[in-house]
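Start from the sequences and build out the full structure, keeping to the hints where you can.
Same order as they appear, the protein sequences are chains A, B, C and D. The numbering of the first sequence is this note's numbering, which starts it at 1 and goes up by one. The numbering of the second sequence is this note's numbering, which starts it at 1001 and goes up by one. The numbering of the third sequence is this note's numbering, which starts it at 2001 and goes up by one. The numbering of the fourth sequence is this note's numbering, which starts it at 3001 and goes up by one.
Please keep in mind that the hints were generated in silico from the structure rather than gathered at the bench. A few of these clues could be false.
[Stated by the list, open to error] Straight-line Cα separation of at most 25 Å, DSS-like style, residue types lysine-lysine; simulated pairs:
hint: 1; chain 1: C; residue 1: Lys2191; chain 2: B; residue 2: Lys1152
hint: 2; chain 1: B; residue 1: Lys1304; chain 2: C; residue 2: Lys2191
hint: 3; chain 1: D; residue 1: Lys3102; chain 2: B; residue 2: Lys1324
hint: 4; chain 1: D; residue 1: Lys3077; chain 2: B; residue 2: Lys1324
hint: 5; chain 1: D; residue 1: Lys3097; chain 2: B; residue 2: Lys1243
hint: 6; chain 1: B; residue 1: Lys1152; chain 2: C; residue 2: Lys2043
hint: 7; chain 1: D; residue 1: Lys3274; chain 2: A; residue 2: Lys152
hint: 8; chain 1: B; residue 1: Lys1152; chain 2: A; residue 2: Lys148
hint: 9; chain 1: D; residue 1: Lys3155; chain 2: A; residue 2: Lys152
hint: 10; chain 1: D; residue 1: Lys3032; chain 2: C; residue 2: Lys2191
hint: 11; chain 1: A; residue 1: Lys152; chain 2: D; residue 2: Lys3269
Just so it is clear, the structure is predicted and the values come from calculations on it, not from any experiment.
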Amino acid sequence: MPSKDWTVLDFEKPIAELDEQIAQIRRLTQEQGIDRSEEIAALERDRDRAIEEIFSKLTPWDRVLLARHPKRPYTLDYVRVIFDDYVELHGDRLYGDDHAMVGGIATLENRHVVFVGQQKGRDLKERQYRNFGMAKPDGYRKALRLMKLAEKFRRPVITFVDTPAADCSVDAEARGISESIARNMMDMSILGTPIISVILGEGGSGGAIGIAVADRVLMMENAIYSVIPPEGCAAILWRDPSKYKEMAAALRITSADALELGVVDEVIKEPLGGAHRSPEAAAQSVKSAILRHLEELEKIPIQKLVDARYKKFRSMGVFEDISKKKPHKEELSEPEAQEDQCEA
Amino acid sequence: MPSKDWTVLDFEKPIAELDEQIAQIRRLTQEQGIDRSEEIAALERDRDRAIEEIFSKLTPWDRVLLARHPKRPYTLDYVRVIFDDYVELHGDRLYGDDHAMVGGIATLENRHVVFVGQQKGRDLKERQYRNFGMAKPDGYRKALRLMKLAEKFRRPVITFVDTPAADCSVDAEARGISESIARNMMDMSILGTPIISVILGEGGSGGAIGIAVADRVLMMENAIYSVIPPEGCAAILWRDPSKYKEMAAALRITSADALELGVVDEVIKEPLGGAHRSPEAAAQSVKSAILRHLEELEKIPIQKLVDARYKKFRSMGVFEDISKKKPHKEELSEPEAQEDQCEA
Amino acid sequence: MSAAAWFKSRVGADRQAVRQSVDALPDGLWTKCPKCNEILFSKELEKNLRVCSKCGYHYRLTAWERIQITVDEGTFKEIEAGLVTVNPLNFPDYEAKIERDKLKTGLNDGMVVGLAEIGGHPVGLGVTDWFMGGSMGSVYGEKVARLFELATSRKLPVVMFTMSGGARMQEGILSLMQMAKTAAAVARHSKAHLPYIVVLTDPTTAGVHASFASLGDFIFAEPGALIGFAGARVAAQAGLIERPANFQTAEFQLEHGMIDRILPRREIKPTIIKVLDFCMGKEVTSDAE
Amino acid sequence: MSAAAWFKSRVGADRQAVRQSVDALPDGLWTKCPKCNEILFSKELEKNLRVCSKCGYHYRLTAWERIQITVDEGTFKEIEAGLVTVNPLNFPDYEAKIERDKLKTGLNDGMVVGLAEIGGHPVGLGVTDWFMGGSMGSVYGEKVARLFELATSRKLPVVMFTMSGGARMQEGILSLMQMAKTAAAVARHSKAHLPYIVVLTDPTTAGVHASFASLGDFIFAEPGALIGFAGARVAAQAGLIERPANFQTAEFQLEHGMIDRILPRREIKPTIIKVLDFCMGKEVTSDAE
Ligand SMILES: [Zn+2]
Ligand SMILES: [Zn+2]
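Dropping the structure here:
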């Protein structure tokens, strides 16, 4: 992992240098047959301390970079570790097969589940094939078709979110990208089977929530979940795209923020230095979190589950109700503002 | 209506000549103020006798020509007479708005109904706009969307069939014309509201049945209902397109045939000489037939209605069950043919 | 509040005045159409429901103006007027903007909900004003959800006029969640076999278009209204260059099967009444089941 | 009848012989692939489930061959074998053609239905033979409907292999009605939360494709299979000239979202078993409700 590598973020450079030193010594060990394991162990300790040091000071913008890290494991990388017997199913039965949205049936330990998720591409060719993880209406409709199969056969749904945004090109608009996202949220809100969503990387706005109206929403430590990309928000709101770092902070898009704001149920810790440093371990953490939540959800009768899902999303948002502070009048003419917050 | 008119069929020419004579005398009457009403009445009697004479000998192929008659009233011509307060609703909420399939909400006497039907075009421009009455998947999906609105609000569905066939172009195929027709038949078979279909003109194969899985299927006297156009069948089966007249007879596509084969419930008599000679009267006949059947259907509880609809289509077809003629054997090696027909 | 009360109120009068200072020519009696430049007699424009009599341009309406031309006179009762916006993320400048738009509109936030009658049918009604770009934050979403819940419990149709630039960025992820919340509220109302009629007005985009605005049993739109997923500036960011001339208009959406009809403003109320008659009228097809 | 019995029967043996006289080279030991012209050792071809080992060309199978490679050995029990075709319209030449195809196939009509086990899962199974072009008339449709009804009453999945030129013209409008009849039978099976798996094989077109063949919860297809609405000759009649190279193939349908996967013949049975495990496996998500 040489430090000139474009897949190394600026703040990762000290880590990459230590990695490189360790790798060199390992190579020498092999070539020369000299035992230098103590030296390696010391360097590894240094490196891990460096990671901890660096990661304790990450800014929200650094989290954005991690969520979009070119080496970050993508949806199908997780699928390979978490599920067995994955049978990918294609198509929306209406128009096409969207390669930015994948899904199918699989087993998870003893369970049969339906899986759907956004898929980004690793190299340029695959990125284009996957439309950079930006699904069109066909993708959302494929996802809904598969979720309805899950409901028909009473199997839980697992969704993996990793998208910069839904596609907003002319043809996505022409086939109703708004309708497809709205319909998914509506139908997921009453789907008669447990749903768990995991935000793996980028939780990009409507593109993300279109498959994330779930009983449990889990979020990777270094994932982001945002109503708009910070760059876009800076450009629109402050008409100054260079302010994206400030905007990343203002929008509160990190996993800690989402947990605090009540938008996700749990943050899944990533391996030291981020999921890309140990994709297998990251996937195992996701797997055990899913299994733990599934066990809870399976005990709840379906109608109760669906009602709880409604209440969960119903209660999101922060506002104040000044009519509760004094006797209600039919016609409030000039409401008095009161400043204490109340959560609905 | 001069007899050189391309909108006059060959066998209609004697009628058209009498019409022309009557019209001339009427013009003279107006111009010259001479009362020639007796002469007119006599000619009209002659003409009506001629029509009766001609129509008593119509061949199946003549019925095909009548069903496709360029002056035949089309779906929206009926709608204008039969319904009030028609609000056309557009679009399948998925891809597009198909102009070959129209529909909306309307009132029919005291009732609120949903209407859908295929629409042909009268002149070349409108024909192209209506794609010659050949709907694409978008049309079938729009129809289903509207029928589901009817089910949601417990209103009956009236469908008008008039199509040479469903569209089979590359883009219809690409968007799943087969799927859309199959889905409509499936969902109509369990739709929780009364359905009445009227075959107005051409009942063209899958294109027709895609909106005609109804509790009552009514058929205009001079309409046709066929698994394939006679010309196509002659070309495919006999490799001789010139045999279309024989094929029209062999396929048994007239309203009398359909009634006898148990495929339609009632034949609606057309005005003397065909619906195009008096579109208003034709529409009034359709209206009273619909009302009569609606009154019957409204008395049936929905579940019974849906079960009866299933049984109705379930029982269509003619075959023989030789296992019923002798004790059943698990492994029949060489079945003996028996020639008497039995209806399932 | 009632519409009449609003128009009589200080803010209502101010708002009318502000509008005239924008649209009107110096003498105040005449207004120039921003689309065709025709000089229109202001009183005639009001009578014509603020539609240009020459080119058909539909001016934007305030929430209260919309209510006034839509409901049976005197029937609107606002609900949930006490919900007010706070600044949950401590987002820079948010309070100041809210205060500015409160003064401008006389509203606590962009969504006004209430009970009313239309053509004699009791309905739940939602209308939007141009408050923070018509954007949906927590108060907006909460009002929509409460409207649908009240309508569900009282077995009422919902009629909704949308006008929005999308989710409100200043409330971050909480605004995104209003999409799920409103869609879920529509789901429960719909499962109760109750009708939901949407009228999309200029502009309806992004988070609102991609949630409750696209979920009507009946979806109508005003002519020429901007309607689409990507807000204009987001689309610009995404570098969308080649687009059809009518891209993201009501006409584009009709052509692509997403809306039922385009209705000139004068036809909206009569059409809503026909639809309500269809859905809620007494003549039913079967009392059995 | 069981598959073994058919292969041992006179007709079964004849059919095998006929096939060899068509495909095989004079010595009978070798067969020439119609697609790539490779000379294949006939026994190897059989072992390879009649798929060309060089180019992957999938030969058409008889109904009994399909049953043999699909079900758990010895588990297939045919039902409704007593349904035979008559000539309801007195259509010219129909009886003669039926008799010809009866002799050719040893079947009463093209659709063979029965009960079987696949991967230990009891299922209702339908397979089609090339009888009157695989066309659907009254017997064909009736057998499909009875299969779905039996499966619904016994709570069994249905697995269906389709191969058809469409509705049978010789039974006229009655054939068209089989589309509605089979679709309605699928509806009731589906409402009972039972799975329906379709495998489209070469060719599946017209009336069969536009009815029960397109209604599976899971729809698979063999590589290169012709699949579409308009039969080739109908399409020719309609003057379709400009078409993509893969028009109406399994690959075209996959690209356009109409099928779940293309499965080489060897993967069909294992995939069906995985799907049956998914739908019918004992581990359920919730015993509540
Ligand atoms: Zn103007
Ligand atoms: Zn080959």
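Tested hints:
1. C:Lys2191 x B:Lys1152: Given that 25 Å is the threshold and the Cα spacing comes to 9 Å, the pair holds.
2. B:Lys1304 x C:Lys2191: holds, 23 Å
3. D:Lys3102 x B:Lys1324: At roughly 20 Å apart (the allowed maximum being 25 Å), Lys1324 (chain B) and Lys3102 (chain D) satisfy the hint.
4. D:Lys3077 x B:Lys1324: Holds, at about 18 Å.
5. D:Lys3097 x B:Lys1243: holds, 19 Å
6. B:Lys1152 x C:Lys2043: violated, 43 Å
7. D:Lys3274 x A:Lys152: Roughly 17 Å between the alpha carbons, so the hint for Lys3274 (chain D) and Lys152 (chain A) holds.
8. B:Lys1152 x A:Lys148: holds, 20 Å
9. D:Lys3155 x A:Lys152: It holds: about 14 Å lies between the C-alpha atoms, which stays within 25 Å.
10. D:Lys3032 x C:Lys2191: Not OK: Lys3032 (chain D) and Lys2191 (chain C) at ~60 Å, beyond 25 Å, violated.
11. A:Lys152 x D:Lys3269: Holds, at about 23 Å.
Checked against the numbered hints above, the structure violates hints 6 and 10; every other hint is satisfied.
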